[in-house]
Amino acid sequence: MRPRDCGIGLRAPHVAEVLEHRPVVGWLEVHAENYMGGGTAIRTLERVRAEYPLSVHGVGLSIGSAEGIDTAHLERLARLVERLQPVLVSEHLSWSVTGGAYLNHLLPLPYTDEALAVIADNVARAQDRLGCRLLVENPSGYLRFRGSSMSEPEFLNALARRTGCGLLCDVNNVYVTCANLGGAPAAWLDALDRAAVAEIHLAGHAVNNADGRSILIDDHGSPVADPVWELFAHALGRFGPVPTLIEWDTDLPALGVLLGEAAKARAYVSKAADVVAA
Amino acid sequence: MSSLRELQAGFRAALLDEAEARVVSEIIDDGLGASARLAVYRHHVFTSLTDALGTTYPVVCRLVDRRFFGWLADRYVRAHPPASPCLFEYGGELAAFLAAFPACAHLPWLADVARLEWAINGAQHAPGATPLLADIWRSLDADGLAALTVQVDRSVTLLESPWPVDAIWRANQAGADGAVDLVAGAVRLEVRRIDDDIVLRALPAGSFALRAALAAGRTLQEAVDRALLAEPALNLAREIRALLDDGMLVLPG
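Taken in sequence, the protein lines are chains C and P. Going by this note's numbering, the residue at position 23 of the first sequence is 23; the numbering climbs one at a time, nothing skipped. Going by this note's numbering, the residue at position 2 of the second sequence is 280; the numbering climbs one at a time, nothing skipped.
Derived by calculation from the structure, the hints in this document are not laboratory data. Each hint should be verified, as a subset may be incorrect.
As the list claims (entries may be wrong) - Simulated restraints on C-beta separations:
hint : chain 1 : residue 1 : chain 2 : residue 2 : range
1    : C       : 252       : P       : 361       : 36 to 42 Å
2    : C       : 194       : P       : 405       : 39 to 45 Å
3    : C       : 85        : P       : 455       : 46 to 52 Å
4    : C       : 40        : P       : 455       : 28 to 34 Å
Claimed, not checked - Here are a few chain C residues that face chain P, going by a calculated C-beta distance under 8 Å:
hint : residue
5    : 36
6    : 39
7    : 105
8    : 146
9    : 267
Unchecked claim - Not close to chain C: a few residues of chain P, all C-beta gaps over 10 Å, as computed:
hint : residue
10   : 340
11   : 366
12   : 516
Don't be surprised by glycine CBs; every beta carbon is placed ideally from N, CA and C.
Working from the sequences, and respecting the hints, build out all of it.
Okay, here's the thing in structure tokens:
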């Protein structure tokens with residue numbers, strides 16, 4: 001996979017079509033937890049893997065859990081990574097497990113020294129077991145904790161320095177977080193350690209009403225919004241060409257729509273690369 | 279400020295039990311209040327877990343209608359939050375939950391339909407295995423054979439119900455009209471995955487008892503005793519041949 005390559009998140013309803021028609025796309029990314037069973041899904045994915053570079057994106061390791069990451073789940077992830085030999089492995093700057101219950105959301109962390117120590121330990125342990133560098137993604141934010149002593153980019157930079165992990169910059173999440181919590185999205189990107197960024201995500205968001213105020217929801221249910229494309233161009237200007245992925249989960253459209261979004265992203269990346277070269 | 283561990287326990291209480299007091303004071307209230315902000319997270323947790331349950335239990339969902347299913351899923355999630363991030367494993371207590379759920383008391387077969395859907399879900403996600411060949415049995419003498427415990431294909435569930443749950447399930451697939459003769463009575467079902475297909479079939483009492491005992495880890499002798507008790511005229515040679523021909527018995531591992 002080259003830095004200019006753009007991919008799409010591969011969802012179950014599109015797998016058969018991808019295998020049959022082999023569309024031209026730079027790479028594919030799957031959610032790790034959907035392939036941890038022993039049924040037909042993983043065997044079909046191995047056929048996809050034989051044709052495309054694959055990225056494994058975890059949503060349930062809960063690297064922000066104060067109680068530590070679940071050993072059994074880390075083992076399942078490690079076996080999946082061994083089996084699929086992905087080009088990238090990523091997770092989220094969030095938590096979802098407490099008291100043994102999995103809350104199925106990317107829940108927010110306070111950006112404190114204590115949280116940094118917890119997540120750095122968890123990331124180091126995961127990287128040791130997986131035998132590869134983990135990319136950590138910025139989540140969409142809907143609240144801020146009083147106790148935070150660092151900004152989100154500062155926290156991510158410190159985590160990358162401490163553990164050697166890479167960063168997955170979700171540009172839509174930057175836009176959503178800044179809209180919901182205040183802050184300039186371009187400044188957020190400018191604060192991120194450019195050398196650590198190894199992947200970019202793009203997706204659509206919804207605009208909802210909460211108590212008479214608009215709040216952006218990262219629902220991955222529509223095309224990438226125009227201001228997010230502009231922010232993506234800014235990100236590429238700062239980071240250079242980075243493998244970029246289109247995510248779509250809610251109201252999944254035809255495969256061609258996702259491929260069209262990936263082609264659009266690819267045009268942005270090429271333009272940015274030409275600017276860098278010139 | 280509470281420790282991260284306390285904060286996360288408080289967050290869970292706020293999401294699942296609406297007990298927000300412990301975390302509200304930790305959240306910055308700018309423009310939109312802390313409760314409204316927590317509600318964004320809570321909404322996603324409940325809708326996504328309801329969707330996961332609906333994916334595993336589509337027939338239960340159809341039988342009670344989607345709105346009622348959403349309400350009972352809300353109750354279920356609070357009582358049984360997932361223990362694993364693999365959502366295809368979520369919902370194993372739903373049958374027991376439905377059996378004790380007063381609002382479903384007028385649907386006495388609903389819990390068994392849920393057991394059937396859980397068995398189908400398990401069959402879809404069970405690891406594949408290599409069938410045991412008849413040759414392996416030839417190496418055993420009579421005592422060795424009687425004491426043998428075998429590994430049954432892990433996609434298999436043997437399920438007994440006083441209701442015709444297979445007919446209910448079939449009548450509620452896409453395109454079917456939902457009409458079922460409930461007086462059709464009790465069934466003994468074998469659910470398993472063969473290649474990529476989920477196969478449901480009704481078994482006579484002897485075959486069911488034999489296979490259920492083996493699946494529960496009984497020795498071959500014990501399983502045979504139970505099968506003969508359930509059906510004294512059972513043709514044992516044919517039953518054991520069928521176990522091998524069906525690929526029911528697999529190499530351990």
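Structure-based check of all given hints:
1. Under the hint 36 to 42 Å, the C-beta atoms of residue 252(C) and residue 361(P), about 28 Å apart, miss the expected range.
2. Remark: the range hint 39 to 45 Å for residue 194(C) to residue 405(P) is upheld by a beta-carbon distance near 43 Å.
3. The supplied range of 46 to 52 Å is met by residue 85(C) and residue 455(P), whose beta-carbon atoms lie about 48 Å from each other.
4. Distance hint check: the CB atoms of residue 40(C) and residue 455(P) are about 29 Å apart, consistent with the given range 28 to 34 Å.
5. Because the smallest distance between the Cβ of residue 36(C) and any Cβ of chain P comes to about 5 Å, under 8 Å, the interface hint for this residue holds.
6. Interface restraint check for residue 39(C): the shortest CB-CB distance to chain P comes to about 5 Å, inside 8 Å, so the restraint holds.
7. Given the 8 Å rule on beta carbons, the hint for residue 105(C) holds: about 5 Å separates it from the nearest Cβ of chain P.
8. Below 8 Å, beta-carbon pairs count as interface contacts, and residue 146(C) has one with chain P at about 6 Å; its hint therefore holds.
9. Here the hint on residue 267(C) is broken, as its CB sits about 32 Å from the closest CB of chain P, past 8 Å.
10. No beta-carbon of chain C is positioned within 10 Å of the beta-carbon of residue 340(P); the least distance is around 20 Å.
11. Not every beta carbon of chain C lies more than 10 Å from that of residue 366(P), the smallest distance being close to 6 Å; the non-interface claim is violated.
12. No Cβ of chain C comes within 10 Å of the Cβ of residue 516(P); the nearest lies about 31 Å off, and the non-interface call holds.
Hint compliance for this structure: hints 1, 9, 11 are not met, and every other hint is.
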